[in-house]
Structures are given as structure tokens and as C-alpha cells.
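Asker: Work out the full structure, taking the sequences as your base and the hints as a guide.
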Amino acid sequence: MTTTDTALASPPAIDLSKPIQWQDWWRNPYPLYRVMRDEAPVYFDEQNGCYLLTRYEDIWNTLSDYERFSNIPFDLIGHPERSLTPFRNADPPRHTWMRQIVQPLFTPKAMRALAPYFNGLADELLDAAEEGDVVEVSSQLAIPLPGRVTCDLLGLPKERHQLFLDLTAERLKLLHAQYRGIGADGARRFEEVRADLWAILEPIAAQRRIKPENDAITLCFQEQDRVGRDQLSDDLVVDMLLALLTGGFHTTQHLVEMLLSLFADRDDLWQRLRADPTLVAPAIEEMLRWDPPVQALPRFANQAQEIAGVKIPEHSVLYMVFGSANHDERTFADPETFSLDRKINRHTAFAVGVHHCPGAPVTRFEVRALLEKMLGRYKRIERAGPSARMKISMTSVQAMHGFEKVPVRFIRA
Amino acid sequence: MPKITYVEFDGASHVVEVPVGQSVMQGAIRNDVPGIEADCGGACSCATCHCYVDAQWLPLTGGPGEIEAAMLDLADNVHPDSRLACQIKVSEALDGLVVRMPKSQR
Chain A
1224 MTTTDTALAS PPAIDLSKPI QWQDWWRNPY PLYRVMRDEA PVYFDEQNGC YLLTRYEDIW
1284 NTLSDYERFS NIPFDLIGHP ERSLTPFRNA DPPRHTWMRQ IVQPLFTPKA MRALAPYFNG
1344 LADELLDAAE EGDVVEVSSQ LAIPLPGRVT CDLLGLPKER HQLFLDLTAE RLKLLHAQYR
1404 GIGADGARRF EEVRADLWAI LEPIAAQRRI KPENDAITLC FQEQDRVGRD QLSDDLVVDM
1464 LLALLTGGFH TTQHLVEMLL SLFADRDDLW QRLRADPTLV APAIEEMLRW DPPVQALPRF
1524 ANQAQEIAGV KIPEHSVLYM VFGSANHDER TFADPETFSL DRKINRHTAF AVGVHHCPGA
1584 PVTRFEVRAL LEKMLGRYKR IERAGPSARM KISMTSVQAM HGFEKVPVRF IRA
Chain B
2 MPKITYVEFD GASHVVEVPV GQSVMQGAIR NDVPGIEADC GGACSCATCH CYVDAQWLPL
62 TGGPGEIEAA MLDLADNVHP DSRLACQIKV SEALDGLVVR MPKSQR
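Just so you know, the protein sequences line up as chains A and B, in that order.
The first sequence begins at 1224 in our numbering and counts up one residue at a time.
The second sequence begins at 2 in our numbering and counts up one residue at a time.
It is worth saying that the hints were derived from the structure and are not from the lab.
Among the clues, some could well be false.
Claimed, not checked - Among chain A residues calculated to face chain B with C-beta under 10 Å, some are:
1. S1240
2. W1283
3. P1315
4. T1330
5. K1332
6. A1333
7. R1335
8. L1337
9. F1573
10. G1576
11. C1580
12. P1581
13. A1583
Where is the CB? At the ideal position from N, CA and C, for every residue including glycine.
Answerer: Here it is, written out as C-alpha cells:
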């Protein structure tokens, strides 16, 4: 992987008959995944009571079969109002309905129309980042870019962005604590955070009802007016908007961090992109394959079944390990190599099936705009210090991969 | 087994045999045909398997269904012969079908 990870060139020994020491693998889980694919492609993680699917084909087939592999956690069945995330924790037809409300905002066609916006935002962020000697990619580019884009697509005025992002993070933390039955001492109550969020949204909703805009707030409240509050409550609209925001934020952040960290180490890749900017899109796809920000997501077995010869009991939790699927040598030639020359790159970074990330085109276009602007400005990206991987407490397969700090210097062309 | 011809935007042509019952999209991805991305794997929720059906075959494939038409509304360069390949099921009657792919799906 990157220079910061080469210390793991000799990974710990892997014996799948013993419990996996997850904390050993947070920097670079790919050697572990390889052994799992070969020896136990449907691995039962006893410590966490779940199955881990690691082969591309098994994951593809499972994700394509929403009738047998649900997105609704068992304890939420019959309680859609308790969903952690209304899109992810729903199945068709309810999921299809919610998705269709906002999908028109996120298509490639809609994104192409926003090209001047993406280009302008990339220039603005790069102008600001260039003011110092060292650029800390994470805080100066990778966080502000999707932060701005997601808030703008929702329809929030700029002066409300930071407050809304902070409240979203606070609410998500509370929701997770509530879902896991963990008390959050000292934390504000759920209702207080929701009231603050609503205080931001309500006046905007009122404005959009008079003057509709091309944003998610307009689309959600138009749908509410159409179907009534019984079906689409204010709370559900808030949840949907927050799910869109969280879905597009840290995921894109980590993608940008990992791309620029790699280019700081691999000038050969940067020079190829400079010589041929049409390679920007393949570079983004390859990073999504090679080190996907979302490493794994769960599905819930509606009935007993068998995958790759392993019997899966009804009501099992199965994790789709995208990071492993994307390195499956049964599907990808030379999977450990970051290559700009893959003509076909059907990775699973955005999942597959009805839950395929609706915001994938947003990520692709905003990151493409940033890289294209950088290619025009910088002849080289130099490392100014080691990149720091985001450390998360690893008690099971990790959900997210990314950096916390990526210090570099941009060398002007 | 029915033969389907996939023509890339640059004219490169791929003839593959696709089992009856599979979709035209599945025929492409199982044979590594470039030009069809199929991000959602056939769930009719991404419009990245957009293709153009050659005129002579349109009466046999028919037009898009309701959800497919809604997805096509969101795609680029949609023409009257546009379909999503994941929604065209291969039958013996489609032996010889020719589909063309747009310049870009994403």
C-alpha cells in the first residue's frame, strides 16, 4: 500500500481456526482477506456472531437478491421509524419509493449540468489550500469538498453548512448509541438535536414551497405534499436528508485522501495523468477498487440458505466485504496492483443491486473536477510527512478505510 | 444458444452466446464486454447499462417498462431506440440481436 503501510510488508501469521485479531489489520486488511477468500470464503466470525463473505461472485449474487437478503435489521422489522438510515435500512417497495424521490438529483446527466459548479468549487478550495506551504489534504480539501457539495445538493444556504454538518454528526452518534442500547452520558438528548435540525430546515422548506429549487429539500417536501405527512413525516424527511449527507460525505473524503496520498508516493501515476487527463476517471475507479472507503456492509438473511457450501441459518447477519471482493483474483487480474489500464473495472465500492449508491455519480464528478483542476496547476505532489490512517477501534471487520492526515506540497507547473 | 452482438462506441464489435433467460446485460458482463457498466447489477436503479437496439430488432425487444423508462429519463443521450440492457431478457427469438453502447455510461 502506501509508504506508511509498508511496515506491514510481513503481515501477522493468519490461522483462521483461531479468532481473528482484528486490531492487527486496520491499516492493511488485504492479506487477511486473501486467506479468507481461499480458505473460508463464507467465514463465521464467532466473536461478532456474523458471517463474512469475501469472494466477488458470492457478494455480487447476495447483493442482487434483496428478497432473501434484506437490508432491514431484524429488530427493526415492523418499525421503519427506527431506521438508522432510511434508505439503507429499507427494502423495496418502500426503499424504491424513497430512492426515486431524490434520484433525479444525482444522475450523471444532472452532474454534467453542474460541471461549472464543480470546477468553481475545486478552484476555490485549491486557491485556499495553496496559501500555505504544506497542504493537509484531509482538512483542506477532502473534507470541505464533499461537505460543500452534499450541503448544496440538499439545498442548505452556505452559512448553515457547518452547523448542519455538526448536528448531523451529533445525531448520528446518538442514533448509533440508542440503537446499540448504549447510554450517552453527558450528551444532549435526541429530541434537542432533532429540534435544532428542524429549526434549520423548517424555514427553508417554507421557502421552497413558494419557490422550488433543484435540491433535495424541495423534492422531499414536494413528495410530502403529494402523499401526506402520514406517509412521509417531517422526521422521515430529516432522516432522508441526513442519510444523503452522511452517505456522500466521509466516503468521498476518504477517496480524495487516498488518491492524493497515493499520488504523493507515486509520481509515475501523476505524470501519466498529466500526459493523459482522460485517465482521471479510470484512476478514480481504480482507487475505489483498490482501497474502497466503505470496506463492508451487512445484509440480513430472511431464510435459511446455503452459500458456497456453507449453511446459513435464518436471521443471520452477513457482511459483504467489498474490500475483499475488489481484490478477488478470480475476478480481477493482478488485483494488488493499482493500474490505470483496466478497461473493465466492475468493483463493488458502491455496492451492487437495488442499494447501489445513488450518489455514486456525485462522488465521481466532484473528485474528477478536483483532480482535473490539480493536473492543470501542479507538476508534482510531494509528501510533506507521513499519511496517518484513520484508526478505528477494530473489534470486527472494518466498515471504513481512510486517512486522518495527508500532508503534502503541491508543486506548481 | 442465441448470439448477441455488442458494438462499442468506437465500433469494436463483440459477438457472444447468451443463454436464454439471461439478460442482455448479464451476457455482456459475463463475457467481459466493455461499454456496459451495470453498476447496480440488474436492479434497474443505475442506468449504466444503457444501449441502443438496432431498429430491426425493436419490434421483438419492445420498449422500456415503466420503471425502466423512469430510469432512462435520467440517462444521457437517450433516443427512441434506447433500452437498459438489464431489462432485455434473451430468448431464441433474439438470436442475432445487435445492441450499441453509448460513449459513456457514468
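Asker: To test your reading of the hints: which numbers does this structure violate?
Answerer: Checked against the structure, the hints that fail are numbers 1 and 8, while the rest are satisfied.
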